[in-house]
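Protein chains: 6
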Amino acid sequence: MESKHCIESLTIKTSRVFPNDINNHSTLFGGSLMSWIDDIASISAARHSRKPCVTASIDSIHFIQPITQKDSVCLESYVTWAGNTSMEVFVKVIAENLLSGERKIAATSFLTFVAFDVNGKPARVPKVIPESSEEKYLHETASVRADHRKERRQQSKELADYLKVEKPW
Amino acid sequence: MESKHCIESLTIKTSRVFPNDINNHSTLFGGSLMSWIDDIASISAARHSRKPCVTASIDSIHFIQPITQKDSVCLESYVTWAGNTSMEVFVKVIAENLLSGERKIAATSFLTFVAFDVNGKPARVPKVIPESSEEKYLHETASVRADHRKERRQQSKELADYLKVEKPW
Amino acid sequence: MESKHCIESLTIKTSRVFPNDINNHSTLFGGSLMSWIDDIASISAARHSRKPCVTASIDSIHFIQPITQKDSVCLESYVTWAGNTSMEVFVKVIAENLLSGERKIAATSFLTFVAFDVNGKPARVPKVIPESSEEKYLHETASVRADHRKERRQQSKELADYLKVEKPW
Amino acid sequence: MESKHCIESLTIKTSRVFPNDINNHSTLFGGSLMSWIDDIASISAARHSRKPCVTASIDSIHFIQPITQKDSVCLESYVTWAGNTSMEVFVKVIAENLLSGERKIAATSFLTFVAFDVNGKPARVPKVIPESSEEKYLHETASVRADHRKERRQQSKELADYLKVEKPW
Amino acid sequence: MESKHCIESLTIKTSRVFPNDINNHSTLFGGSLMSWIDDIASISAARHSRKPCVTASIDSIHFIQPITQKDSVCLESYVTWAGNTSMEVFVKVIAENLLSGERKIAATSFLTFVAFDVNGKPARVPKVIPESSEEKYLHETASVRADHRKERRQQSKELADYLKVEKPW
Amino acid sequence: MESKHCIESLTIKTSRVFPNDINNHSTLFGGSLMSWIDDIASISAARHSRKPCVTASIDSIHFIQPITQKDSVCLESYVTWAGNTSMEVFVKVIAENLLSGERKIAATSFLTFVAFDVNGKPARVPKVIPESSEEKYLHETASVRADHRKERRQQSKELADYLKVEKPW
Numbered sequence: 001m002e003s004k005h006c007i008e009s010l011t012i013k014t015s016r017v018f019p020n021d022i023n024n025h026s027t028l029f030g031g032s033l034m035s036w037i038d039d040i041a042s043i044s045a046a047r048h049s050r051k052p053c054v055t056a057s058i059d060s061i062h063f064i065q066p067i068t069q070k071d072s073v074c075l076e077s078y079v080t081w082a083g084n085t086s087m088e089v090f091v092k093v094i095a096e097n098l099l100s101g102e103r104k105i106a107a108t109s110f111l112t113f114v115a116f117d118v119n120g121k122p123a124r125v126p127k128v129i130p131e132s133s134e135e136k137y138l139h140e141t142a143s144v145r146a147d148h149r150k151e152r153r154q155q156s157k158e159l160a161d162y163l164k165v166e167k168p169w
Numbered sequence: 001m002e003s004k005h006c007i008e009s010l011t012i013k014t015s016r017v018f019p020n021d022i023n024n025h026s027t028l029f030g031g032s033l034m035s036w037i038d039d040i041a042s043i044s045a046a047r048h049s050r051k052p053c054v055t056a057s058i059d060s061i062h063f064i065q066p067i068t069q070k071d072s073v074c075l076e077s078y079v080t081w082a083g084n085t086s087m088e089v090f091v092k093v094i095a096e097n098l099l100s101g102e103r104k105i106a107a108t109s110f111l112t113f114v115a116f117d118v119n120g121k122p123a124r125v126p127k128v129i130p131e132s133s134e135e136k137y138l139h140e141t142a143s144v145r146a147d148h149r150k151e152r153r154q155q156s157k158e159l160a161d162y163l164k165v166e167k168p169w
Numbered sequence: 001m002e003s004k005h006c007i008e009s010l011t012i013k014t015s016r017v018f019p020n021d022i023n024n025h026s027t028l029f030g031g032s033l034m035s036w037i038d039d040i041a042s043i044s045a046a047r048h049s050r051k052p053c054v055t056a057s058i059d060s061i062h063f064i065q066p067i068t069q070k071d072s073v074c075l076e077s078y079v080t081w082a083g084n085t086s087m088e089v090f091v092k093v094i095a096e097n098l099l100s101g102e103r104k105i106a107a108t109s110f111l112t113f114v115a116f117d118v119n120g121k122p123a124r125v126p127k128v129i130p131e132s133s134e135e136k137y138l139h140e141t142a143s144v145r146a147d148h149r150k151e152r153r154q155q156s157k158e159l160a161d162y163l164k165v166e167k168p169w
Numbered sequence: 001m002e003s004k005h006c007i008e009s010l011t012i013k014t015s016r017v018f019p020n021d022i023n024n025h026s027t028l029f030g031g032s033l034m035s036w037i038d039d040i041a042s043i044s045a046a047r048h049s050r051k052p053c054v055t056a057s058i059d060s061i062h063f064i065q066p067i068t069q070k071d072s073v074c075l076e077s078y079v080t081w082a083g084n085t086s087m088e089v090f091v092k093v094i095a096e097n098l099l100s101g102e103r104k105i106a107a108t109s110f111l112t113f114v115a116f117d118v119n120g121k122p123a124r125v126p127k128v129i130p131e132s133s134e135e136k137y138l139h140e141t142a143s144v145r146a147d148h149r150k151e152r153r154q155q156s157k158e159l160a161d162y163l164k165v166e167k168p169w
Numbered sequence: 001m002e003s004k005h006c007i008e009s010l011t012i013k014t015s016r017v018f019p020n021d022i023n024n025h026s027t028l029f030g031g032s033l034m035s036w037i038d039d040i041a042s043i044s045a046a047r048h049s050r051k052p053c054v055t056a057s058i059d060s061i062h063f064i065q066p067i068t069q070k071d072s073v074c075l076e077s078y079v080t081w082a083g084n085t086s087m088e089v090f091v092k093v094i095a096e097n098l099l100s101g102e103r104k105i106a107a108t109s110f111l112t113f114v115a116f117d118v119n120g121k122p123a124r125v126p127k128v129i130p131e132s133s134e135e136k137y138l139h140e141t142a143s144v145r146a147d148h149r150k151e152r153r154q155q156s157k158e159l160a161d162y163l164k165v166e167k168p169w
Numbered sequence: 001m002e003s004k005h006c007i008e009s010l011t012i013k014t015s016r017v018f019p020n021d022i023n024n025h026s027t028l029f030g031g032s033l034m035s036w037i038d039d040i041a042s043i044s045a046a047r048h049s050r051k052p053c054v055t056a057s058i059d060s061i062h063f064i065q066p067i068t069q070k071d072s073v074c075l076e077s078y079v080t081w082a083g084n085t086s087m088e089v090f091v092k093v094i095a096e097n098l099l100s101g102e103r104k105i106a107a108t109s110f111l112t113f114v115a116f117d118v119n120g121k122p123a124r125v126p127k128v129i130p131e132s133s134e135e136k137y138l139h140e141t142a143s144v145r146a147d148h149r150k151e152r153r154q155q156s157k158e159l160a161d162y163l164k165v166e167k168p169w
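Just so you know, the protein sequences line up as chains A, B, C, D, E and F, in that order.
Be aware that the first sequence starts at 1, since it is given in our numbering, and climbs by one per residue.
Be aware that the second sequence starts at 1, since it is given in our numbering, and climbs by one per residue.
Be aware that the third sequence starts at 1, since it is given in our numbering, and climbs by one per residue.
Be aware that the fourth sequence starts at 1, since it is given in our numbering, and climbs by one per residue.
Be aware that the fifth sequence starts at 1, since it is given in our numbering, and climbs by one per residue.
Be aware that the sixth sequence starts at 1, since it is given in our numbering, and climbs by one per residue.
To be clear, the hints were calculated from the coordinates, so they are not data collected in a lab.
Incorrect hints may appear among the rest.
When chains are identical, the list treats them as one kind, so a pair holds in a single copy or across two.
Result set (DSBU-like, lysine-lysine): computed pairs, CA atoms no more than 30 angstroms apart in a straight line [unchecked claim]: (1) K150 x K136; (2) K167 x K121; (3) K150 x K127; (4) K121 x K4; (5) K136 x K167; (6) K164 x K70; (7) K127 x K157; (8) K104 x K121; (9) K70 x K4; (10) K70 x K127; (11) K121 x K150; (12) K157 x K104; (13) K4 x K136; (14) K70 x K121; (15) K150 x K4; (16) K164 x K127; (17) K104 x K167.
Since the model is a prediction, treat every value here as computed from it, not as a measurement.
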């Protein structure tokens, strides 16, 4: 299985902000943005693996710039790193004021996806060859994020075991 | 400003899984779930603060159980901890097989919200009084998550400063 | 087949009111609310019967309090009474002003559902054991509503037979 | 204020049934249909009154024929009767099998609307002049439905007064 | 195969304009209107052919009157002409100011559809018998539009062959 | 007012095909695609003019390759030519089979937009400087399309004047 460049999974999605995406404070709902992030990242994962993929996790997201209805939102994503059957996808969220042209990073996000074969079993995926300095930086720091993520997944499972599900609703 | 109990911000949202929420692997899109998580958490934040609130961050989410179209999804959320103007909201996602009644924790999530006054400035919010053992556990561990989140927010801002936004799309 | 308590089919759905749910008079569309009512009631019917269920009828709904975009809408539903293969589900609609915390009953609704087996034939469902005074009141008055509903269904069928369907559109 | 004919408020809406409108039993969700019913009826009310209108009530609906994804749904509505500031709107729901052309009444519905002036106060609306035998039949029977509806509205308000709203969610 | 009258495929769809359908200039998005046009035209094609149909092309659309949120939009469509396996459908878009009752043609559109049999092969469709002067006019001018459309389809294919698809996104 | 390069208005939007976008023949609805085309083209027009823009027309669209649920859809758009207050936007629709990576032009489209100033009057927009051979080809052929479009707009207005709007629905 041949390795692939980041640019081969590059995916771009530019959207207007519609009234239903806006909260009472006149800024974009976090939930709308998270939905777009998962959507585009899943296409990057499919382009890298050429297999059906399922979201395994999403790292923390910090909304560092508000997005308003005057902005368009441009999301860029690509696979930064791949293990045997899983991939890390990076998503960059750029808010662009359509009247002034000013562009700002509104948030960034790292997601992991698992690829599956036709029998629903995890399937092997190509390795990643980073090229630009941004790609190299994100590729090299992937193992730190992976270690951290593994620890959080363990904590998340322990919390799930601790929690009760039998409340009456 | 009087403190409030967790149960005063408790919010519940049960939903069916619709065809448009399902990916090619026949499980719920991560993006649909994230959108519901933000929606319900923002109601908990409003109930605790009785002010307009905006999502500041969402911690990592690990999808530990797949959700299928046979399931209903029950989300429960409440405020676990509050600072001067910000709140941490916990969301528990329970998948219930509607035919068998089996219930499983599918994911958990912690979000932070900031409350605003009528002039758009951050506004003070009540402290939290935990009561049940679950509430106490989440309340006591909130400062560890807050420290961790602060560090990640800093990293997120540094990454945003490093990234370029002038690509032609 | 064992009987079930009302609380076993209790379902709760809290939602924000989005711009697309608002009519020109700045209040919630009746249609949006009716859609949520059917959604939650169908989950209660599934929880009581643990079978696929189809809406057979909805009693009249009176919108006794307007719902605005400042409110959240909390719907509660449970099965109040069951026959051999059909169930009556009660839905309570509570509008909550998110800034003041004031809660009002905005509407109530009774729906009937029929349960089906895997061959698409009506299937037996458990009887209902009411516990609270509200549940007992609604359980005891169910037969009056059932008689009334039967009469209206007959009228509805007679009206359908009387009406013409061949107009050119 | 001149009276108006039923045909002046006649409104027609034909729709395809989309995957998201279909329940697990492969028939149209009651909620989707109710949402379309309110949508079209509100246009009939606006055409009769030429004022902003708000849904006051919807009579019981009996789903007497299932609607599948092979069908188109044709809704017809018009104002059957008007008081000083309120109107009764009738909606006929016809399911048409698009491959065979067979058409069946799937449900009927009566809604009431109140018209408002620019200050948000109830506004006078024209009387109704029925012409066809169907219109005359529905116009003549309107007062029976109005009496019945008044009684149900009273019951609905009494039930709302009886119900508690302080449950913790 | 018997010929059919235009009125046999007549389809009408009246809709309100919702906040999400409105652009920043407070008029209806062209995209929402185009989506409704394709929806209703496909029902006309199905009614004429009583077969599954797929959109082959849509002629140019000129938005000659703006549509605002105070308007309802009424679309009328019918099959104007049929070849062996394809049909031309005409759609008339009428904007109606709900407060004044004023109605204006906002746009018109011609689409072509191909009918398919159960094996996915193009299937024969009935010829069209026009009756009204409008129907006759559109039927008689159909061959001019068909010639023109054929030429444009050829240009469209040549342009597609000329264009590159390998850009990195 | 300085002229702008095509690349300054380049906009890209990649989307998955969801179940609700699929017709009974298992291919993408023309209406969904047209809605996306208008959405992305309006962002290109805003990026070129940095003003609010409204769709004036869309040229004919020929669906030359079917799009299925296995595909992602990538739309690219940019302004090809500008007059005083109007712009022509070109949209290229590429269907990509996510499993095989095969990419095909599914359709192309030309739209025109008018820019407006704060008083709602048409506003001047920059001229276009084409660079690539594709851009030059589309820029040079723009005047032929403009002449043709003007003629069709005239025909469309004449047809609108000829048509009646007083039918009873």
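Problem - Hints that the structure is at odds with (numbers, increasing) - result: 2
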